[in-house]
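Colleague: As a plain string of letters, each chain reads:
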Amino acid sequence: MSTDLRDLYQEIILEHSRKPKNAGVLEDPTAEAQGNNPLCGDRITVYVKLDGDRIEDARFDARGCAISVASASMMTESLKGKTLDEAEEAFGRFNTQMTGKEAPELAEDDELSALMGVRDFPTRIKCATLPWHTLRAALKGAGDTQITTE
Amino acid sequence: MSTNGAYPIDRIRADFPILSEQVRGKPLVYLDNGASAQKPSAVIEQISRTYETEYANVHRGVHYMSQMATDAMEAARVKAQEFLNAADEKEVIFVRGATEGINLVASSWGRANLKPGDEIILSVLEHHSNIVPWQMIAEQTGAIIKVVPIDDAGEFLVDEYEKLLSPRTKMVAVTHVSNALGTVVPVKEVIRLAKAQGSAVLLDGCQAVPHIPVDVQALDVDFYVFSGHKLYGPSGIGVLYGKQALLEAMPPYQGGGEMIDRVTFEKTTYAELPFKFEAGTPHIAGIIALGTAIDYLNGIGFDAIAAHEHDLLTYATDQLSAMNTIDIVGTAADKAAILSFNIKDVHPHDVGTILDHDGIAVRTGHHCAQPVMDRFDVAATVRASFGLYNTRDEVDVLVSGIKRVQEMFA
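These protein sequence lines are chains B and S, in that order.
Quick note, the first sequence lines up with residues -18 to 131 if you use my numbering.
Quick note, the second sequence lines up with residues 21 to 430 if you use my numbering.
Isolated chain B (complex conformation):
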């Protein structure tokens, strides 16, 4: 297998896609949103439970590829305990890392860095960013919202 393909499908990504964390419906969410990639028909719902301005719990329900499921799994893991401002900052950082022209600088302990191999696959970047855009829609709307990547 070529190197960049192994960069894309790192073991940690395959692991998250096989056994995603926080998969499934969250009962009584404070906010939720549906994300949709009309290009491929993938759908995701992101649920958030807030305690004040802190994210107590985050879950997702997705029909998508390995990249989008792994991204959603890692995202929901990283969000728990964060404030809304911190979540917004994390969205901004991830989005810039994923779509920015310059190769991103990454902290070594940042699990999300495993997704940076996607940068070399322009047609797949939306797979990785869809969960984050959906999260943002949920937090902005703090209600029932729909977004699309197109």
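Check the hints yourself; a few may be wrong.
[Unchecked claim] Derived contacts from chain B toward chain S, CB cut-off under 8 angstroms, selection only: (1) L(-14); (2) L(-11); (3) Y(-10); (4) L(-5); (5) L20; (6) C21; (7) G22; (8) D23; (9) R44; (10) G45; (11) C46; (12) A47; (13) F102; (14) R105; (15) C108.
Worth flagging that the hints you see were computed from the coordinates, not collected in a lab.
Ideal Cβ positions, reconstructed from N, Cα and C, are used throughout, including at glycine.
Start from chain B and add chain S according to the hints.
Modeller: Just chain S now, with coordinates in the frame of chain B:
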């Protein structure tokens, strides 16, 4: 390499320059012909030749170049007429593609003929381009859309279709061959039953014309559309066939130059067929090159092409059926050159990305046919679609690629 002794596969492959391209260091294995086919040198060179030696606007100038371009374009119309065995060249309207052809009929024929409560019959197999234009005209006219179901194999259910037909049916618009599954629809029977109720029929021939000879008179179909780019011709050009009496009774679709007889601010009269439906300067070089593509296909012959592609589809189906964790989506008895499948627990987009690294081009997604995906309860499929230049060796490369995907996701 050849799959049947007489089929000149090596010569045919040499006619398509792009087939010698490398993708990521591997030979291109192009199995996305259902989305768009590659072009032979004859077509590519014809486009240059038009612009280099015989180009001007058509049907206007009295000068030499205008006459040359007009003659070449009208010669291509006759080639398209003969290709479909239409009764008259006036029945061949050049459009941007099948999508524009369907929109033209839905809008122009629909506005003139549909009333509240009239019914339009489509099928679950339709591409979005044969759904949305009908939804738009139904909303404007108060007509109602009925949908013919398919079975688990992806077969068009003629019995269910017959139950939907009634004197209220005014249009039956169905695909000739399903783009997502490859199912060949029994169109002769579909048309016969529609005619018995007095309904018009439109066939979407996009996936049929590259594989099956079409005779619109023998079918007795009212409208037939196809896109040039799936027929080894240029993109941005296609054909709408319509029976002359129907086209003559329809109002124009777009207004502009070329489509008029005489214009005053009080009243404009329209040109004769086919020009009534060809407002504006057409895709002149594309039309001429579409004629070249038709010549190219006729040079090989549809019997030979159909036999070659049938062999590829059977070979590929047998290979994939023998593999574990593969679900073939669409197993109709009569299929044309399309093999849709899924690998268990692996999303089609991941399959597509990994195959791409072996130089294999397949389509992954919903194929602009979401009702088909919903019917099989899948988000998407991987689709290998074969063309006249594909080989059994390329099917073997596909099979190796699929094994690699299975290993990665095991």
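Colleague: Against this structure, judge whether each hint is valid.
Modeller: Hints and how they fare:
Nearest Cβ of chain S to the Cβ of B:L(-14): about 5 angstroms, under the 8 angstroms cut. The hint holds. The closest approach between the C-beta of B:L(-11) and any C-beta of chain S is roughly 7 angstroms, which is under the 8 angstroms cut-off, so the hint is satisfied. Interface hint status for B:Y(-10): upheld, as the beta-carbon distance to the closest one in chain S is roughly 6 angstroms, under 8 angstroms. Interface restraint check for B:L(-5): the shortest CB-CB distance to chain S comes to about 7 angstroms, inside 8 angstroms, so the restraint holds.
The beta carbon of B:L20 comes within 7 angstroms of a beta carbon in chain S, closer than 8 angstroms, and the hint placing it at the interface holds. At its closest, the beta carbon of B:C21 sits 5 angstroms from a beta carbon of chain S; the interface hint therefore holds under the 8 angstroms criterion. Given the 8 angstroms rule on beta carbons, the hint for B:G22 holds: about 4 angstroms separates it from the nearest Cβ of chain S. Annotation: interface hint on B:D23 holds; nearest CB of chain S at approximately 6 angstroms, less than 8 angstroms.
A distance limit of 8 angstroms between C-beta atoms decides the matter here; for B:R44 the minimum to chain S is near 5 angstroms, and the interface restraint holds. The closest approach between the C-beta of B:G45 and any C-beta of chain S is roughly 6 angstroms, which is under the 8 angstroms cut-off, so the hint is satisfied. A hinted interface residue such as B:C46 counts as satisfied when its beta carbon comes closer than 8 angstroms to some beta carbon of chain S; here the least separation is about 4 angstroms, so the hint holds. Satisfaction of the interface hint for B:A47 is found here, the shortest Cβ-Cβ separation to chain S being roughly 5 angstroms, below the 8 angstroms cut-off.
Proximity of B:F102 to chain S holds as hinted, the smallest CB-CB distance being about 6 angstroms (cut-off 8 angstroms). For B:R105, the shortest C-beta to C-beta distance to chain S is roughly 6 angstroms, which falls under 8 angstroms, so the interface hint holds. Satisfaction of the interface hint for B:C108 is found here, the shortest Cβ-Cβ separation to chain S being roughly 7 angstroms, below the 8 angstroms cut-off.
Checked against the numbered hints listed earlier, the structure breaks none of them; every hint is satisfied.
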